[in-house]
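Spelled out, the chains give:
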Amino acid sequence: MQPQLKSKVRCLDREVGEVSRVIMDPLSHEVSHLVVSMNGAGERQVPMGAVQAVTDDLVQLRTSSSEVMGMQPFKREDYVTIHEVEIPGLEKHIHVTPGEVLVPFPELERNVKRRAFFANLTYVTGLFIGLPLVYPVMKFLMKPMYAPLDNGWLKVGNIGKIKTEDVGTQFQYKRKIKEVYMPEAEIEKNVWLVKATPAVLEKVYQGKDREFLDSSGNAIWTNKKDLPFLAFSGKCPHLGCAYKWRQHKVLGQVFLCPCHLSIYDASGKVLDGPAPRPLDMLPIQVTAGGEVQIIDMEFKAGTKSQTRIV
Amino acid sequence: MSDIPPAGAQPTVAEKIFTFVDERVGLKLLAAKMLNESVPGGSRWAYVFGSILLFIFIMQAVTGALLMFYYVPTADHAYASTQYILHDVDYGWFLLSYHFWGSTAMVVCVFAHMSQVFLWGAYKKPRELIWLVGLALFALVMGFGFTGYLLPWDQRAYWATTVGVEIMDKIPIMGDFLARFLKGGPTPGQMTLSRFFVIHVMVLPAALIALAGLHLFLFRCAGPAGPFRGAPAELKAKTDYFFPRQIWKDVVGMAVVFACISAMAFWEPVVLLEEATPDPGDYHPEPEWYFLFIFQHLRLKMFSGEFGQFLGSMGLPGLLGVMLMLLPFFDRNPERNIFKRPFALIGWVMLTASIILFTVSAIINREFLD
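Those sequence lines, one after another, are chains A and B.
Just so we're aligned: 297 in the working numbering is position 297 of the first sequence, and the numbers increase by one with no gaps anywhere.
Just so we're aligned: 1025 in the working numbering is position 25 of the second sequence, and the numbers increase by one with no gaps anywhere.
What the hints contain is simulated information worked out from the structure, not anything from laboratory work.
Misleading hints may appear alongside valid ones.
Claimed, not checked - Derived DSS-like pairs (lysine-lysine); straight-line CA-CA distance at most 27 Å: (1) B:Lys1301 with A:Lys304; (2) A:Lys208 with A:Lys269; (3) B:Lys1301 with A:Lys92; (4) A:Lys203 with B:Lys1301; (5) A:Lys195 with A:Lys163; (6) A:Lys92 with B:Lys1033; (7) A:Lys113 with A:Lys75.
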C-alpha cells in the first residue's frame, strides 16, 4: 500500500506531523520518499526505508522523532511535478491522491546558466537554416511569372467577312504557344473587328494616330486614324471575361460582357456596367487583298490605365 | 470499458493483440479519453456538423486520391484524362461526381457549422481560439473549391480561374505579384494548372489536417459550449458522454450526408464543357454556385471602376473576414442566448439573406444573357 497524503506520521516515540507530498523514482516508478510536514517545524524528506508500516491514515516510522528532525529538509526547487515532465507510464503507478507527486529535478539541470541563450540559439539556428532558403525558393517559384512580350503579327482572317459598318464581328484565330517545357500547342483566341464610320473613328482617335510602344518606350506600330478598321482585344477590361456583340433593349447593338454586364459601344466606349476603361484597341493592318493582321496583346483587367501583360 | 474477459476465460487472439498494443501505447486510456468527453446538457442532433465535416473531408481525400490514379495535371492531358475518368474508367463518373458534390456538401455544412457557432454564441470566451482556427479552416475550404475547379481544364474551369485570379489582382500593391505568382505567368496555362494542382492535393490538405487537428485539440481543451439556456443543475443532470449517444447521432448524420452526396452524384453526374481555351465561344463564364453571390454583386454599379472593384471583390469580403476574426474579442458580453443578442441575430439574418438574394439573382440573370 502506498502512503496516502495527509496521513499522520508517527515515530517510535510520538507523532511528528503529516505526509504533505510524495516523491517518485522516475526509473523504478516507485515512491522513494515521503515529505513530512513537521507540525510547523518545516518539512523533512523521509526515505521509504524508514517506513515500518502504512495504513489508511497512518504512516509508522521505525525511527525516533529526533532522527526525523535531523533528516534532510525538503527543498521544493529541486523537484518538478509529473505534469511538467513526460515519464511514460508513471501515472499508472501512482495511487497517492490528492496533491503533488514529484520526481527529482536532474542534478545536471539544477545549475544550468544561460537557459534563455540556449532557447534563443534554437531560433537563431532555425533562422540560419530558413533564411538562406527564402531567396532560392522564391526564385524557384517565380521562374515563369514574367514572360517576354511577343510583337509578332498574326493573320486573323479576311475583311470581306464584315458586312455592316459599326457592327462588332468576331474573328477567331489560332495562336501557337510554347510554354516552358511543354510541346508547342495551339490555343484558340478571338479578336473583335469593327468597320467604323468616320463618326466612330473620330470618337476613337480624336484626330490623332494611335501609337503602340514597347516596355522600353520604342514604337512598335501606329494605327492610322483614317484606317476604317478597329481591332479590340477579346478580353473584357473589367475582369477578363470574353464579351459578345449583342442586341440591348435600350442601347441598341452593343458589346456586352456576360460576366459582370459591362456594356461598350462600337468604338469601345463604356456605356454601362462596372468596366473601368474602354475596350483595348490592338495594332491592326489590312493588306490590299483584305487580309487582316493584328498584334495579339492582352492588358491587365480592372485598371483605368492599360498595363500590357501579353 | 467492457473488454475485460470474464474470469477464467482464455483471451482470444484479438484480445491478446489489444492487450499487447495497450501495454505499449495505453490504448484503453486513450480510447477512454477520446470517448469519455462530457457533453454539457446532453448530446443533440444540432452538434453533428463538426463530425460530418470531418467525414466529408476524409471522403474527399479518398475520392481525390483515387481520381489521381488517372488524372494528369498538364494542359494537353488534363481534359482528356478527366474525360477518360468520366467515360471509360469503371465507376469513374461516380467517384468524380462524388468528389464534386462532396465539395458542395462541404460548403453547405461549413456554413451550417459556422452559423451554429455564431448563433449559439459558442465563439465567446474561452473558445476564441477555436473560432479563429475555424475561420482559417473556412478559408482553406474556399481555397479547395477554387483550386479544384480548374483541374478538369474545361471552359468552366478556365474562365472561373481567369476571373478569380483577376479579382486577386485587385489587392493593393501585392495584387499583380500574387496573381502572376498563382498563375505562374501572365495568363492561365500549364504553370497555373501545375500550381493549382499542387496547392489542391498537397498544400491545402496538409494545412487542413494540421488546422483541423488544432481545431479539435483546442475544442478538447475548452470543452463543448453546450446549450445557451438552462440552469447549471439542469444541464449537469442531462450531461452525457460523447460515446455513445452523440457518436450515434454523428454517425446517422454522416450516413445521411453520404446518401445525399451519392444521390446527387448518381442523378447529376459531372458533365464537362469544351476543353479550356481563351476563346469561350457561346459559353457564359460563371463560377461555382458558392461564389455566385460575389460574382453577382460585382455586377452592381457601386462596385464599378478601379476602387469599386477593389471594394467589391476584396475590400468588403476582407472587412467581413476581419470582423469575424475580431468578433470574440469585441463581443465580451457573456450572454450566449441569440434572442438576447439582437445585433448578432440581425447581422446573421442580413448576411444570409443577401447571400441568398445575390445567388438567386445570379441564377435568374442567366436566362437574360442568351
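Q. So which of the earlier hints does this model not fit?
A. The structure breaks only hint 3.
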